[in-house]
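If you want the building blocks of each chain, they are given just below.
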Amino acid sequence: MIITNIETVPGKNIVEHFGLVSGSTIRAKHVGRDIMASLKNLVGGELKGYTQLLQESRQQALDRMVDQARQLGANAIINVRFSTSSVAQGAAELYAYGTAVFVE
Amino acid sequence: MYNLLFFITLIAVGYLVGTFAERYHYRSIDHREKMFINLPAVTIKTVNYPDDKIQSAELVYGSAVISVDYFKRFTASLRNIFGGTVKSYESLIDRARREALLRMKEMAGDSRIIVNVRIETSTIGRNANKKGVGCLEAIAYGTALTVA
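Chains as they are written, first to last, in my numbering: chain A, 1 to 104; chain B, 1 to 148.
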C-alpha cells in the first residue's frame with residue numbers, strides 16, 4: 001500500500017478512483033500518564049507519554065484507513081490528511097482521510 | 001503566608017528547570033537540524049525529478065507534545081493584562097514545531113526530499129477548570145520521495 005499526501009503517486013499512473021477512505025480513533029490517556037503529565041506541567045518541556053500515545057493512535061487511524069482501502073481493492077491512498085480534535089475531557093480524536101486509488 | 005511561599009517556590013522551580021530544559025532542547029534541535037541539512041522538507045507538491053527516477057513515495061509524519069512551565073504561564077497571565085506579544089509561548093510552539101519536523105525527517109530515512117509538508121497544531125486535554133494540563137501538539141507530515 002502506497003500512501004502519499006500529494007495528488008499523484010510519482011512514477012505511476014492512476015488507473016481507477018475508489019473515493020474517500022478514512023480511519024479514526026479516539027483515545028483517552030490513563031491516570032498514570034496524567035499524573036506524570038501534571039508534574040511535568042510544572043517545569044514544562046515535552047510530555048513523552050502523550051507524544052507516544054498520540055503517535056500510537058495516529059498509527060491506528062492510518063491502519064484503519066488502509067484496511068478500508070484494501071477492502072475496496074485499492075493499492076494506494078493519495079492526498080492523505082490528518083486532523084486532531086479533542087472530543088471530551090482528556091480524550092483526543094485522531095482522524096486520517098484520503099482518496100483510495102489503483103495505480104500501475 | 002505559606003501559600004505565597006509555595007507559589008514563589010513553584011515559580012522559581014518552573015523558571016530554573018524550565019529555562020535549563022529549554023536551552024538543552026534548543027541545543028539538541030540545532031544539532032539534529034544540522035544532521036538533516038541534506039534532506040529538505042518543502043511545501044511544494046511537485047519536484048522536477050523525472051518520473052522514472054523516483055523509486056518510492058511514502059507518507060512520513062512526526063509529532064511532539066509540549067507543555068508550558070509554571071513561570072511562563074505566570075508571565076503570560078501578566079501579559080494578558082497589558083497585551084502584546086507573548087514571547088514565552090512563542091518559544092514553546094517553536095520548539096514543538098521544530099521537534100515535529102525533525103521526527104518526520106527521522107522517519108524519512110534515506111529519502112532525497114520531503115514534499116507537501118504540512119504542519120498542524122492542536123491543543124489536547126484542555127480542560128474547563130484550570131487544573132487541567134495545558135499542552136499543545138504539533139504534527140508535521142509530508143511525502144518522502146526516494147530518488148535513484
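Bear in mind the hints are in silico, worked out from the structure with no lab data behind them. Keep in mind that a hint or two might mislead.
[To be verified] In silico lysine-lysine, DSS-like type, Cα no more than 27 angstroms apart, as pairs:
no.: 1; chain 1: B; residue 1: K45; chain 2: A; residue 2: K48
no.: 2; chain 1: B; residue 1: K53; chain 2: A; residue 2: K12
no.: 3; chain 1: A; residue 1: K12; chain 2: B; residue 2: K45
no.: 4; chain 1: A; residue 1: K48; chain 2: B; residue 2: K53
no.: 5; chain 1: B; residue 1: K87; chain 2: B; residue 2: K45
no.: 6; chain 1: B; residue 1: K45; chain 2: B; residue 2: K34
[Claimed, not checked] If you only want the chain B side, here are some residues facing chain A, beta carbon under 10 angstroms, derived:
no.: 7; residue: V17
no.: 8; residue: K34
no.: 9; residue: K53
no.: 10; residue: T85
no.: 11; residue: R97
no.: 12; residue: R118
no.: 13; residue: I139
no.: 14; residue: Y141
Predicted, not measured: the structure shown is a model, and the values here were computed from it. Just so you know, even glycine gets a beta-carbon here, dropped at the ideal spot from N, CA and C.
So, going through the hints one by one against the coordinates:
no., hint, result
1, K45/B / K48/A, "violated, 32 angstroms"
2, K53/B / K12/A, "holds, 11 angstroms"
3, K12/A / K45/B, "holds, 16 angstroms"
4, K48/A / K53/B, "violated, 38 angstroms"
5, K87/B / K45/B, "violated, 33 angstroms"
6, K45/B / K34/B, "holds, 24 angstroms"
7, V17, "holds, 4 angstroms"
8, K34, "violated, 20 angstroms"
9, K53, "holds, 8 angstroms"
10, T85, "violated, 19 angstroms"
11, R97, "violated, 13 angstroms"
12, R118, "holds, 7 angstroms"
13, I139, "holds, 6 angstroms"
14, Y141, "holds, 6 angstroms"
Consistency note: the structure conflicts with the earlier hints numbered 1, 4, 5, 8, 10, 11.
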